[in-house]
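There are 2 protein chains.
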Amino acid sequence: MDDLNKPFLITKSLYPENQETPIKFLPHHLIPTNYHFKRNHFNYPKILTQNFLLPISGEVVKSVTFYFNQIINFPATTFTGLLECAGNNRSKFDPKTFGEQWEEGAISQGRWRGVSLSKLLSQTGLTTDAKEVLFEGYDFGKREDSDNYVPFARSLPLKIALHPDTIIAYEYNDKLLSIKHGFPLRLIVPGWYGMASVKWLKKITVINYPFTGPFQAIDYVYYPKDIEPFPVTTTNVNSIIQYPLNYSILDAGNHTIEGIAWSGEGDITTVEISFDGLHWSNAVLLKNTTEPYTWTKWKYQWNALEGEYTIFCRATDSKGRRQPMNAFWNKKGYGYNATPKAHVKIT
Amino acid sequence: MDDLNKPFLITKSLYPENQETPIKFLPHHLIPTNYHFKRNHFNYPKILTQNFLLPISGEVVKSVTFYFNQIINFPATTFTGLLECAGNNRSKFDPKTFGEQWEEGAISQGRWRGVSLSKLLSQTGLTTDAKEVLFEGYDFGKREDSDNYVPFARSLPLKIALHPDTIIAYEYNDKLLSIKHGFPLRLIVPGWYGMASVKWLKKITVINYPFTGPFQAIDYVYYPKDIEPFPVTTTNVNSIIQYPLNYSILDAGNHTIEGIAWSGEGDITTVEISFDGLHWSNAVLLKNTTEPYTWTKWKYQWNALEGEYTIFCRATDSKGRRQPMNAFWNKKGYGYNATPKAHVKIT
Numbered sequence: 001m002d003d004l005n006k007p008f009l010i011t012k013s014l015y016p017e018n019q020e021t022p023i024k025f026l027p028h029h030l031i032p033t034n035y036h037f038k039r040n041h042f043n044y045p046k047i048l049t050q051n052f053l054l055p056i057s058g059e060v061v062k063s064v065t066f067y068f069n070q071i072i073n074f075p076a077t078t079f080t081g082l083l084e085c086a087g088n089n090r091s092k093f094d095p096k097t098f099g100e101q102w103e104e105g106a107i108s109q110g111r112w113r114g115v116s117l118s119k120l121l122s123q124t125g126l127t128t129d130a131k132e133v134l135f136e137g138y139d140f141g142k143r144e145d146s147d148n149y150v151p152f153a154r155s156l157p158l159k160i161a162l163h164p165d166t167i168i169a170y171e172y173n174d175k176l177l178s179i180k181h182g183f184p185l186r187l188i189v190p191g192w193y194g195m196a197s198v199k200w201l202k203k204i205t206v207i208n209y210p211f212t213g214p215f216q217a218i219d220y221v222y223y224p225k226d227i228e229p230f231p232v233t234t235t236n237v238n239s240i241i242q243y244p245l246n247y248s249i250l251d252a253g254n255h256t257i258e259g260i261a262w263s264g265e266g267d268i269t270t271v272e273i274s275f276d277g278l279h280w281s282n283a284v285l286l287k288n289t290t291e292p293y294t295w296t297k298w299k300y301q302w303n304a305l306e307g308e309y310t311i312f313c314r315a316t317d318s319k320g321r322r323q324p325m326n327a328f329w330n331k332k333g334y335g336y337n338a339t340p341k342a343h344v345k346i347t
Numbered sequence: 001m002d003d004l005n006k007p008f009l010i011t012k013s014l015y016p017e018n019q020e021t022p023i024k025f026l027p028h029h030l031i032p033t034n035y036h037f038k039r040n041h042f043n044y045p046k047i048l049t050q051n052f053l054l055p056i057s058g059e060v061v062k063s064v065t066f067y068f069n070q071i072i073n074f075p076a077t078t079f080t081g082l083l084e085c086a087g088n089n090r091s092k093f094d095p096k097t098f099g100e101q102w103e104e105g106a107i108s109q110g111r112w113r114g115v116s117l118s119k120l121l122s123q124t125g126l127t128t129d130a131k132e133v134l135f136e137g138y139d140f141g142k143r144e145d146s147d148n149y150v151p152f153a154r155s156l157p158l159k160i161a162l163h164p165d166t167i168i169a170y171e172y173n174d175k176l177l178s179i180k181h182g183f184p185l186r187l188i189v190p191g192w193y194g195m196a197s198v199k200w201l202k203k204i205t206v207i208n209y210p211f212t213g214p215f216q217a218i219d220y221v222y223y224p225k226d227i228e229p230f231p232v233t234t235t236n237v238n239s240i241i242q243y244p245l246n247y248s249i250l251d252a253g254n255h256t257i258e259g260i261a262w263s264g265e266g267d268i269t270t271v272e273i274s275f276d277g278l279h280w281s282n283a284v285l286l287k288n289t290t291e292p293y294t295w296t297k298w299k300y301q302w303n304a305l306e307g308e309y310t311i312f313c314r315a316t317d318s319k320g321r322r323q324p325m326n327a328f329w330n331k332k333g334y335g336y337n338a339t340p341k342a343h344v345k346i347t
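If you read the sequences in order, they're chains A and B. Each residue of the first sequence is one higher than the last, beginning at 1 in UniProt numbering. Each residue of the second sequence is one higher than the last, beginning at 1 in UniProt numbering.
Hints in this document: simulated from the structure, not taken from any laboratory. Quick caveat, the model's predicted, so the values are computed rather than measured. Among the hints, erroneous ones may be present.
One copy or two, either will do: identical chains are not told apart, so a pair holds if it fits within one copy or between any two.
As the list claims (entries may be wrong) - Derived DMTMM-like pairs (lysine to aspartate or glutamate); straight-line CA-CA distance at most 20 Å: (1) Lys-345 to Asp-219; (2) Lys-341 to Glu-136; (3) Lys-331 to Glu-308; (4) Lys-142 to Asp-251; (5) Lys-203 to Asp-139; (6) Lys-345 to Glu-306; (7) Lys-341 to Glu-103; (8) Lys-287 to Asp-267; (9) Lys-131 to Asp-174; (10) Lys-96 to Glu-308; (11) Lys-341 to Glu-306; (12) Lys-180 to Asp-139; (13) Lys-225 to Glu-308; (14) Lys-96 to Asp-276; (15) Lys-6 to Asp-219; (16) Lys-62 to Asp-129; (17) Lys-345 to Asp-145; (18) Lys-341 to Asp-94; (19) Lys-203 to Asp-276; (20) Lys-131 to Glu-59; (21) Lys-159 to Glu-59; (22) Lys-332 to Asp-226; (23) Lys-203 to Glu-171; (24) Lys-92 to Glu-103; (25) Lys-331 to Glu-228.
Sequences and hints are given; from them, build the entire structure.
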């Protein structure tokens, strides 16, 4: 057969290539590379010899340029972690917002392996003026709001940059990163939305001022209606219903409602199901307490009688954050995490 | 690279396998088989020796069972034709309707090759009681509304069945049909919504009564709000905007708005563009007058100034049918053809 019985990535735009994971149809704990969502700002960079060098300079005691094989020879840090695009579910905001119209698939999860950035910074040292760490990728191009070429670049506060699980990654699911996902080196910042995990790392600069590049101070900023703008950082508590599908028609009888829930801060403590948005019952969590950066699978047994239903689902994390019924609207459409719904008819 | 820079089919459900064509991203006049949308009611049938026989019986002078290689040795009829699923764009109905939530990609087009059904029927003859021709596929299963196993089966009025371009097809784009698209033999009824083009043909029966199987008299029937139900037959006049994408952000300057338009009855005579839904200007049609069953590409040059815009597009066919501003709502969500819109921001 020329094509197997399987889902594929869902294209949202070709140039740059933005494709979402068919997340409703994937039971995997580790999403294979070819199902990992792609979110690009520019065309893919060409991989040249120089890409295998990683200079660290700026507010350091000693600038160091690391070679790729030095980096892979440091003791490694490995964890399974999810990445969610800050614009995931943007298409669901009401009023609608401009930008890539992601549905629920701008999220994936896999095993990342790399070296703690803190290990590299312990080789360079930091001056007392060090405030942020700036990451620049090899990807660059023109934005709609300017005629200048700019690279994709983002900074992290020193505290986050020095966290032992902030890594310079070189493997995904036990293979070298694929070219489309940041080969040879990318940053991984677990718990933060995906924009923080800069791909195709070109250089790292420790800086003594707040970085204000366009992907830091124009994009990836929440612009709410009535309050001051503030930056997009950690992943909101969120969930999806993988079964049943929205507007599906099902036989009466037993069905297992199921899905996943996640948070960039703390663990998922409860997932609740409701059929009216008012009364809630706990779903069963299939927790994996040794993997703090992964999503939690959940299930709910339902004996469905004939009729039409709306299934609601909401997750709560150990920081007490709970999914709202209505999304927190902001002009650029980031951080959508309203309770998902599935409308079904039972016949 | 493990995956090329390309779109893929978009999965709507896995069992049965329903996937739509990434039509916004395909410039092809002939959609390759692996990009043709899949719409199944049941699991794929197994292909066995018996599938290579096609019996025609019922209200005929002489029942005949045709062998596959008899069928391919008749003089062939070849044309390029589109198939659109009757549920295409169902997700856009308001109020929403149950069923597969197709967006705009349940449409494809390619070159079909087969034998005119009328040639086969001229071998069997017809009795004077012949009223309809019934087509049964090898695909079968349980529906949500019954515990019985039923095959996918549909009938055609004699007049349509005898049209010279109603064919028993065995090739798509100059290759044998793929297993997922009806191999070895399927019906193609140009101008009609896709449900008429029964796949994996098992048998043909000429009948003297109106067929009332569930895919004829329960599904594929328009159930409007205030008027009597009536059957789904020919494809409505319709169009899509392929560029620009909805809610995209573009540079000021020249842009070519483009897309395709089609009708199951007659030719596309005009495609009009509007920026307010009131004032309309003609797009340029790239007509292909020798291919009556294909879509028509259209283009419109736009010098875009800064601001936010809604682009409307509407097609008219040579029968005088024109796309409405609002869809004709019906309970099962068939035949959606409201004017498409693309909201864009120019910066």
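Are there hints from earlier that the structure breaks, and if so, what are their numbers?
2, 9, 15, 19
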